[in-house]
Amino acid sequence: MANIETLTLNCEDKSTKEINSIIRNAAVDGVEQVEILNTQARHNIGVGILKPIHLIYRGHVGYYTVGLCDGVTAEIHGSAGWGVGDNLMSGEVVIEGNAATSAGPSIRGGRIVVKGNGGPRCGVSLKSGEVIIGGNAGYMSGFMMQNGRLIICGDSAKGLGDSMYQGQIWLGGIPEELGSGVTQVDPEAGELDEVFAVLEKYKISAPKSFKKLQSDKSLWNFNKHDFAAWKDAL
Amino acid sequence: MSSSSYRPPAYSGVWHPDAIEEIQEKAELGRYQIRGQATKRHNLPSFDDLVFTPAGLSRMPLEGYRERCDTAVTIGKGKVSRPLVLDRPIMIAGMSFGALSVNAKRALGIAASRCGISTCTGEGGMHPEEREHSTKLVMQYLPSRYGMNPYDLQKADMLEIGAGQGAKPGTGGVLLGLKMSDEVAKMRDLPPGVDQRSSCRHPDWMGADDLYMKLEQLREVTNYEIPISIKVGASRIANDVRIACKADVDAIVFDGMEGGTAASPSIQLDHAGIPTVAAIAEAVEALHDMGKQDEIKLIVGGGIKNGADAAKAIALGADVVYLGTAPMIALNCHAPIYVEDYERLGTTPYECQHCHTGLCPVGITTQLPKLMERLDVEEAADRVTNYINAITMEIQLFARSCGKNKVADLDPNDMRSLTNDVAMMTGIPMVGLNGKKPWWTKF
Chain P
1 MANIETLTLN CEDKSTKEIN SIIRNAAVDG VEQVEILNTQ ARHNIGVGIL KPIHLIYRGH
61 VGYYTVGLCD GVTAEIHGSA GWGVGDNLMS GEVVIEGNAA TSAGPSIRGG RIVVKGNGGP
121 RCGVSLKSGE VIIGGNAGYM SGFMMQNGRL IICGDSAKGL GDSMYQGQIW LGGIPEELGS
181 GVTQVDPEAG ELDEVFAVLE KYKISAPKSF KKLQSDKSLW NFNKHDFAAW KDAL
Chain V
1001 MSSSSYRPPA YSGVWHPDAI EEIQEKAELG RYQIRGQATK RHNLPSFDDL VFTPAGLSRM
1061 PLEGYRERCD TAVTIGKGKV SRPLVLDRPI MIAGMSFGAL SVNAKRALGI AASRCGISTC
1121 TGEGGMHPEE REHSTKLVMQ YLPSRYGMNP YDLQKADMLE IGAGQGAKPG TGGVLLGLKM
1181 SDEVAKMRDL PPGVDQRSSC RHPDWMGADD LYMKLEQLRE VTNYEIPISI KVGASRIAND
1241 VRIACKADVD AIVFDGMEGG TAASPSIQLD HAGIPTVAAI AEAVEALHDM GKQDEIKLIV
1301 GGGIKNGADA AKAIALGADV VYLGTAPMIA LNCHAPIYVE DYERLGTTPY ECQHCHTGLC
1361 PVGITTQLPK LMERLDVEEA ADRVTNYINA ITMEIQLFAR SCGKNKVADL DPNDMRSLTN
1421 DVAMMTGIPM VGLNGKKPWW TKF
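Residue numbers (this note's numbering), protein chains in the order written: chain P, 1 to 234; chain V, 1001 to 1443.
Next up, chain V with everything else stripped away, as it sits in the complex (with noise of 0.2 Å):
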């Protein structure tokens, strides 16, 4: 199109065509809507908004192929007997059988056991197909209590009691009445076929003092022998940080709003919690005021795609990343293929975000046999493996690049902000002012 002929277009800046849609949606639907993935938000500050700045001649960078670079990391090392290690930084985020097919579970656990870290049950409780395919299982432990039992407990690796998630803080799942077979509902304990809405707060604690006393039981029901993590999204993350400080955890978990989800209401998609490099920033600064940096790992998610994000997560002050979303797009999610079945949901691939429905084309986010069929578990496995692969690759080459022959050794002054916003969040200096005033206010 010539800059001549170029039309701005006619609609409202506020009435624009995506608010027409969504009004006249929930004008038929008579409910909010509801849809998978995450947020559709373009204009959240992320990651990209940071840049390493590796080594030159004030400091030497570490050979790609030939020098070490560690990448292992403990959780509940010198409290439980049995502490979880991961051979990287990276854990794979809940997400149940339920959200899932169990093919999909198969292959995360093949592939996390292949890479030595672990993956998660998610909501619904565990199931046998997903402990034997990981070798490292961490199982969730939710206000809904589905599926819970002490034998499954014992049998876990790690529990995380969770206690929010971020692409939709303060409230409780969902799993919409077509994702309920007879399996997912029998470990739920509800009747096939309903759509489940998960409570948003645990039954049996409320606050500070009660979750101690629930780390305490669980703790004493797996025998002082695993780590406990609590997961939260992210939202008032300092307090958030000095409750799980005072609950003596392992690990804290914080979800982004740019987390993953097989189904949240959009709205609460799009308009709660706080990003995850913000949040990264905060939970760091707490753990620090609570002098437990050493002590308690922290863990965290949301949008995380890359080695880059990962990387910069770590030097930030994560401890290990979540990776959700991203596993199962190596999976197969948004591949184009059986486009005419992405035609029929009235999306398309790269475009899709209908986890919610069931109808996953790709065979992903369904319980429909027909459809589950559609993953090849070997084949998805074997995907997992590579991409897990090639961001550990990248989160070495920024360390190495950086002169750090570990990991975890990554910190905020191998980096640099691009824009003032993600400055003033992190505390990481501007480019160009190496962390102080311009040179020209010296004169």
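Extracted from the complex, chain P is given alone in its bound form (with noise of 0.2 Å):
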């Protein structure tokens, strides 16, 4: 399979194995990308990749895809089911369309792009690396952040970054309501020419402005006195 740039893979009539074999391999065999077809909003697909590889997903897809990855890079050409990304530790995924539940959960490294909304928890346990919302967000996005950034162009539904730890959170729109334990501050000199910088590269409009948001700590270690966030928090 050595030599050849892009394989097509038609996902028809194969198992979720054999996909998955199929693009192990080609990323051993030193294959470039990996057209995959028949996406059929098919749940794992092109997962545990941990070699080099660009995955072109011709349409939409479930549960996980490119989950548990190292630099893999991918984009798909339609929208993703619950969990994309799931702990990247390296690489990118682009969703040109919507991304349900979860998108990036707990990555380590790497970058998550939707182009359209995110549903629900986008972000969610964030330990590194950046998940993009073009659109907007559901409720408990950014929820237990570790670290890492996570941009939306849009509005965010409730509880935004809810007992963050670290991390960055920059949000374009409207916040129904920001999560227990977040904070908003200034920006330090360059970080939003950062932020646009990097929406320009994806092709995703970007709003106006930004407003930067962390955790002000209040939930790092108990405090009585703040028995109003830990109500919620604990």
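Dumping the calculated BS3-like pairs for lysine-lysine here, alpha-carbon to alpha-carbon at most 30 Å:
| id | chain 1 | residue 1 | chain 2 | residue 2 |
| --- | --- | --- | --- | --- |
| 1 | P | 224 | V | 1026 |
| 2 | P | 14 | P | 51 |
| 3 | V | 1186 | P | 211 |
Derived from the structure by calculation, the hints contain no laboratory data.
Model, not experiment: these values are computed from the prediction.
Put the two chains together into one complex, using the hints given.
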């Protein structure tokens, strides 16, 4: 299979195991990219790939697409189901459509780009890396974030950044409600330019300005005088 | 004290000293109490309410030291390419690096490896020392996903999806700031010194259908090589078993309310979940209802202290017992050494439940180097090895005495109940009735 630049993989009539095996073998053999056809919103297509390869999904995908991968880049020409890019270690996943619940959960590196809207809990338990939502994000986005950067160009539903430990949330629109332990701060010099630059890279229409949100550290250690925050957080 | 001078306590049965102390502590803290180890309840139905009915004339026992009595259990046989083979029906339960010191993890790994059984990472990722010292290592896959990565998943010998624990079913983990050392924090991607509160449910699956997909994902990542179990706190058992069966797991782990913890809300420890002995009966019935009793292994933990508890759990239908607190005690937990440090914590050996403080006097549940030094790894590993060997012999003793040449052949007919409560919960007949109505009802 070596020297093949693009491998075309038709998912029809293939099991998940066969599809992933073909992708893994292609990555080992040095194939540059795999074009995946007839995705039919199937789950677990392209998971556990630990060698660099570029995946092009022609259609909607189901749960955990590009989950538990390292060094993989992907473009999804459709929308994604739950947990897209789950636990990504490094690499990049660009979703042209919308993403369902928990886009980029617990990623430890790399970047998840959703050009449309994100469902609830975008960037939940984000540990490092970046999750970008071109449109609006659902409730509890950035919940228990531990680090990294979550960029939401549109509005967010309730509980934005609830119980986040560290990291940054950049919100272009209006938050329905901030979560416990979240505060708005002034951007540091150059930070906003970086946000605009990364959106420009993906040709995402950026809002005029962003609010920078981060942990106020009130939930780092229990303090009985902050009971109002802890009542919801504990 | 002579009976004539005995004076009953003057305090209220409702507002007794423990209740008063609890209220006053909450009034000071402004939060619920947190403690380690396990429930303080003394009145739970337990394995002590069951007895074995060994062989006599109607059945022949096996010779204790001469006739073979197999103890091995295999998880995932026929389903994955690298099933987990346990030489004994025992596993060391998940206890995190963070909750335990690295020395404690080393010692447990050495002992488990000598005994041919597994250890488990617990929350917080796979510590390289634990992998090095454990020939059979189960990796927990938990809601927090601390330290999670595909490489460590592939290094594991089994995966355990954590969906709850007996000590605090329905809530997430707690690790207070003093135990959040630089190393622990780095592994978990957290700031050192924070009070860690783990999420109680997974970030990317919610229900039965999602769980099936998550299982498929994890099997893909591990190339269908190793078994996958799911662990839940014993509460809504029958329905949980049905969902686990649908998800196609290789084993189900139930942790009864006696299960251990490094830090849990006290109120949760004493008022949530159901006891282990009841949990097994319900789980076994549900597995039979689903027709999966031969395919899915049942692993049960929570308050199992000795070979009698373990053998009774197996006779009720468990395949493997999960031990956490007991091996810790074998390490040296509660040992009457460094007594002055127990006193500084306001406790004594045998009463200590201060795992959550990070100030463990015997160096097990701490991250402070000076305290960690108190646990000699080799000596501790020897003690745990001896303990596991001893309870293995005890389990075999009951199996042989019941005429069984395989521990797995112990069954409910080998026991009788001492109490009505446990007879009702387990279906094991009361002693003296031989499973029937009283003899005089025939006349």
